[in-house]
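*Asks:* What follows is the residue order along each chain.
There are 2 protein chains.
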Amino acid sequence: MEKWNQSYGFLLGKVLQQMETKFAEGLVPYHINARQYGVLLFINGNPYSSQKDISENLQIDRTTMVSHIDHLETLGFVERTRNPNDRRSYSLMITPKGKDLLDSRWEFLNDIELEVLAPLSNQERQLLKEFLIKIWTTL
Amino acid sequence: MEKWNQSYGFLLGKVLQQMETKFAEGLVPYHINARQYGVLLFINGNPYSSQKDISENLQIDRTTMVSHIDHLETLGFVERTRNPNDRRSYSLMITPKGKDLLDSRWEFLNDIELEVLAPLSNQERQLLKEFLIKIWTTL
DNA sequence: AAAAAACAGTCAGTTAAACTGATTATATAT
DNA sequence: ATATATAATCAGTTTAACTGACTGTTTTTT
Numbered sequence: 001m002e003k004w005n006q007s008y009g010f011l012l013g014k015v016l017q018q019m020e021t022k023f024a025e026g027l028v029p030y031h032i033n034a035r036q037y038g039v040l041l042f043i044n045g046n047p048y049s050s051q052k053d054i055s056e057n058l059q060i061d062r063t064t065m066v067s068h069i070d071h072l073e074t075l076g077f078v079e080r081t082r083n084p085n086d087r088r089s090y091s092l093m094i095t096p097k098g099k100d101l102l103d104s105r106w107e108f109l110n111d112i113e114l115e116v117l118a119p120l121s122n123q124e125r126q127l128l129k130e131f132l133i134k135i136w137t138t139l
Numbered sequence: 001m002e003k004w005n006q007s008y009g010f011l012l013g014k015v016l017q018q019m020e021t022k023f024a025e026g027l028v029p030y031h032i033n034a035r036q037y038g039v040l041l042f043i044n045g046n047p048y049s050s051q052k053d054i055s056e057n058l059q060i061d062r063t064t065m066v067s068h069i070d071h072l073e074t075l076g077f078v079e080r081t082r083n084p085n086d087r088r089s090y091s092l093m094i095t096p097k098g099k100d101l102l103d104s105r106w107e108f109l110n111d112i113e114l115e116v117l118a119p120l121s122n123q124e125r126q127l128l129k130e131f132l133i134k135i136w137t138t139l
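As given, the protein sequences belong to chains A and B, one line each in that order. In terms of the working numbering, the numbers along the first sequence are unbroken and rise by one, the last being 139. In terms of the working numbering, the numbers along the second sequence are unbroken and rise by one, the last being 139.
Worth flagging that the hints you see were computed from the coordinates, not collected in a lab. Keep in mind it's a predicted model, so treat the numbers as computed, not measured. There could be a bad hint or two in this list.
A pair holds if it fits inside one copy or across any two, identical chains being indistinguishable in the list.
What the hints assert, rightly or not - Here are the simulated BS3-like pairs of lysine-lysine, each with C-alpha atoms no more than 30 Å apart in a straight line:
#	residue 1	residue 2
1	Lys97	Lys14
2	Lys134	Lys97
3	Lys22	Lys134
4	Lys134	Lys14
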């Protein structure tokens, strides 16, 4: 084992790359990418969010968010309505069709993750998630 | 804690994004990005590699590799010489200047990683690395 | 109440990474 | 000797992300 592949950054990147590539393949029939799936998940978990809310939480640029939402709306997965309390912002909602997509791909996403994490035991995977959550919540 | 931020992919992505952003900032004065630093690390650990070797190991597209190496060569961090046993390929070597760059930023990289991983104990970080290496080596 | 500042979202245009497909020079297989 | 494969390169395309300007709306200041 050499220096260059000892870094967390390198290792994290490789594991993630693997997951993303596989997951993206499973999304092709739905014409969205992994990031858009993430946005949809967020909207599902945080109904009535504005585009700003999502941008901040997911750390995706506001102008990029416009096109993500445009895309999801065109495909009928998300609905934009003006927020009656602040007509500058939208109140975003997932549609039933969007919910179906989420559900139908959620299991697949988990399968992919388990596939990549296969070298770990149940307990190790549990620990890994614990660590990641601990890091993320303090970011 | 909700569904959308429970996935390994999401969490891995956030942690990595954090590390990469911070690390990239520290590389600005050297005019290279994190990926090029990775390439340089690889060449250092695997002297006489061809561009193909690096592409495969780091999973970076061969045509993209051309421009990375062009860039590193222009800056004097890497030297291309033809491989005498196969004149189609190059034999890439890090220069002393490249080695200096690696060394001077290696500690910084580790600082960044420790900073992001601060919420974990020493032991937990050790475990995390163990897990990641286990996964990566079976990819 | 009017004017100024701040804000959410949008859009046109730019930048940078990554890919496609073709090409050159060299090596290997038939 | 000929055909096939390979490493690197290049021109051109696609895509994600960003910059800066702009519209309409809300909040703050005077």
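*Asks:* First find the shortest C-alpha distance between Lys97 and Lys14 inside one copy, then the shortest across copies, and answer within, between, both or neither for a cut-off of 30 Å.
*Replies:* Answer is between: at 28 Å across copies they meet the 30 Å cutoff, but 33 Å inside does not.
*Asks:* Since the copies are identical, ignore which copy is meant and state whether Lys22 and Lys134 lie within 30 Å (CA to CA) inside a copy, between copies, both or neither.
*Replies:* both (26 Å within a copy, 19 Å between copies)
*Asks:* I want to check one pair: Lys134 and Lys97. Are their C-alpha atoms no more than 30 Å apart within a copy, between two copies, both, or neither?
*Replies:* Result: close neither inside a copy nor across copies, 33 Å intra and 39 Å inter.
*Asks:* My question is about Lys134 and Lys14: at a cut-off of 30 Å on alpha-carbon distance, are they close within one copy, between copies, both, or neither?
*Replies:* Classified as both; 21 Å inside a copy, 12 Å across copies.
Violated hint: 2 only; the structure is consistent with all others.
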